[in-house]
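Put chain B on the given structure of chain A with help from the hints.
Below, each chain spelled out in residue letters.
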Amino acid sequence: MINFESVSKQYADGHEALSDVSFSLDRGEMAFLTGHSGAGKSTLLKLIMLMERASQGRISVGEQDLSTIIKRQIPYFRRHIGVVFQNHRLLYDRSVFDNVALPLHISGMNHRDIGRRVRAALDKVGLLSKEKLTPIQISGGEQQRVGIARAVVNKPPLLLADEPTGNLDPDLSEEIMKLFTEFSQVGVTVLIASHDLALIHHMHYRVIELNKGRIVEASFDGERDV
Amino acid sequence: MSEPSKVSGARSTQSQSAIANYFKHHSEVAKTTFRTQIDKPFSSFFTCSVIGIALVLPCLLMLILADLQSVSDDWEDSTQITLFLKKHVSSQNASALAVEINKKNSIHTSAFIDKDIALATFKEKFDFAEAVDSLDENPLPHVILVQPVNTLTKIEHIEQLKVSFLKHDEVDSALLDVKWVKRLNSITEVLSKSFWLLASMLSLSVILVLGNTIRLAIESKKEEIIVMKLVGGTNAFVRRPFLYMGVFLGLGGSILAWILLHLIVYLLNQPIQELSSSYQSDFYLSGPDFESTIFLLILGLSLGWLGAWLAVRKHLDDMEPN
Numbered sequence: 001m002i003n004f005e006s007v008s009k010q011y012a013d014g015h016e017a018l019s020d021v022s023f024s025l026d027r028g029e030m031a032f033l034t035g036h037s038g039a040g041k042s043t044l045l046k047l048i049m050l051m052e053r054a055s056q057g058r059i060s061v062g063e064q065d066l067s068t069i070i071k072r073q074i075p076y077f078r079r080h081i082g083v084v085f086q087n088h089r090l091l092y093d094r095s096v097f098d099n100v101a102l103p104l105h106i107s108g109m110n111h112r113d114i115g116r117r118v119r120a121a122l123d124k125v126g127l128l129s130k131e132k133l134t135p136i137q138i139s140g141g142e143q144q145r146v147g148i149a150r151a152v153v154n155k156p157p158l159l160l161a162d163e164p165t166g167n168l169d170p171d172l173s174e175e176i177m178k179l180f181t182e183f184s185q186v187g188v189t190v191l192i193a194s195h196d197l198a199l200i201h202h203m204h205y206r207v208i209e210l211n212k213g214r215i216v217e218a219s220f221d222g223e224r225d226v
Numbered sequence: 001m002s003e004p005s006k007v008s009g010a011r012s013t014q015s016q017s018a019i020a021n022y023f024k025h026h027s028e029v030a031k032t033t034f035r036t037q038i039d040k041p042f043s044s045f046f047t048c049s050v051i052g053i054a055l056v057l058p059c060l061l062m063l064i065l066a067d068l069q070s071v072s073d074d075w076e077d078s079t080q081i082t083l084f085l086k087k088h089v090s091s092q093n094a095s096a097l098a099v100e101i102n103k104k105n106s107i108h109t110s111a112f113i114d115k116d117i118a119l120a121t122f123k124e125k126f127d128f129a130e131a132v133d134s135l136d137e138n139p140l141p142h143v144i145l146v147q148p149v150n151t152l153t154k155i156e157h158i159e160q161l162k163v164s165f166l167k168h169d170e171v172d173s174a175l176l177d178v179k180w181v182k183r184l185n186s187i188t189e190v191l192s193k194s195f196w197l198l199a200s201m202l203s204l205s206v207i208l209v210l211g212n213t214i215r216l217a218i219e220s221k222k223e224e225i226i227v228m229k230l231v232g233g234t235n236a237f238v239r240r241p242f243l244y245m246g247v248f249l250g251l252g253g254s255i256l257a258w259i260l261l262h263l264i265v266y267l268l269n270q271p272i273q274e275l276s277s278s279y280q281s282d283f284y285l286s287g288p289d290f291e292s293t294i295f296l297l298i299l300g301l302s303l304g305w306l307g308a309w310l311a312v313r314k315h316l317d318d319m320e321p322n
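Protein sequence lines, in the order shown, are assigned to chains A and B. The letter at position 115 of the first sequence is residue 115 when you use this note's numbering, and the numbering goes up by one with no holes. The letter at position 278 of the second sequence is residue 278 when you use this note's numbering, and the numbering goes up by one with no holes.
Treat each hint with caution, since some may be false.
Derived BS3-like pairs: lysine-lysine, alpha-carbon spacing no greater than 30 Å straight-line [said to hold, decoys possible]:
#, chain 1, residue 1, chain 2, residue 2
1, B, Lys31, A, Lys132
2, B, Lys221, A, Lys71
3, A, Lys130, B, Lys31
4, A, Lys155, B, Lys24
5, A, Lys71, B, Lys154
6, B, Lys24, A, Lys124
7, B, Lys193, B, Lys154
8, A, Lys132, B, Lys221
9, A, Lys155, B, Lys221
Source of the hints: derived by calculation from the structure; they are not laboratory data.
So that you can see chain A by itself, here it is in the shape it has in the complex (with noise of 0.2 Å):
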């Protein structure tokens, strides 16, 4: 699903965020990119989402070369990908259910299939009660839980996540972390940044470990040490 070939990504100001990065994930695969912070992982995604360029290498995302991929083609690109960010990054002029409904609302998605569509990815995340508040109504958690349904709910093939138990108290982390688990489980290719190791750690998935922007470490287990 998402293949890395020697990448690397030096930035104007000569600061080299990510050196020679080469992996793949499968479809359906469930995996964390860790390291500290300034590590690369912020920069890792951005490559992915096309809100960067990588300045050498080959990055493919479903078979399709991002380089290949033009400007104006960028929006449709993003349409396959949900993501959710560590600050949730809702829209808080609107009700739960406007948040959630972006997405198809720009995908020009008709009004039936939208209200379906909303509600499937609430129900989904436990807040089908709560589509009328706004977003200030409902706790961090919540919250959190309202941008992972708005990521959903396009049904993407690819999921990629930002820190996104950085707020969260560990039960509330755990809760969110089955929640990609499921996605996983149904055939959704998840990435999730995080530096919450023990969480990490404790959910035996493929880590994927970067250091001054280069892999130090691939493993299937999380019983490694730092």
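Okay, now just chain B, sitting in the frame of chain A:
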């Protein structure tokens, strides 16, 4: 929402519903944007007023110009050349000349006024009986009044005609009273030039004011724009509400301008009619008619759209998530 037709094939039903969704989305964006503007009546009214006032000036000038043009056309229609004949010319010769002139294609009518009849009229009308009686001889010459045909409207052509009369031996001098027509024409010329200057400057200012308003709106919705782009919103999708905002503000501005125009015409007409009646004219300002109303609305709408489009091009398209 209407049910897709069951007769047509699946593919065309699909594309039909895509088009239907597109228009539905447009009407929703329009409605939402309109409601957002209504929800902040003060700032919307302020922006519309600025646009309205900027539009009123050139529109008023345009109305005045159109009215002046019709007056000047009327005046040119009534252009008349007065031929004063030489002293020694007899009544018969003068009358014959008038008939001869009348035969020309460029002449509508020509009338001979005998100097004795003229003096009698003069005596009668102006109560100068004693003064006239004291004169040894009639100081007035024979006069022929010549009216060119209506199709001859250019002053230069009438001037040429006037000069051609001087070739006749009997004609002493010819007088063409076009000073007022000339003046009016140059006033119209000045006004028409200022109209274009004023109109382009004020249109530019409308575009700038709107562009700035839209820029502020874009800045205040930065987070929303970025989120939309992150979940796959195209530039067209993201800019749509801002373009509608520009169109609505422009339209609101032109509606205000229309109301202001009526008010100004109403307030100005009394003093204008007093002034023009002192020049024996019944000139007055007519308010905006149906055509100028439509023109005004389209003008406001397009300027609004243009201002929004420029702001969106400059500030929104390059706004990328990071």
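Quiz item: Hint by hint, which ones does this structure get wrong, listed from lowest number up?
Solution: 5
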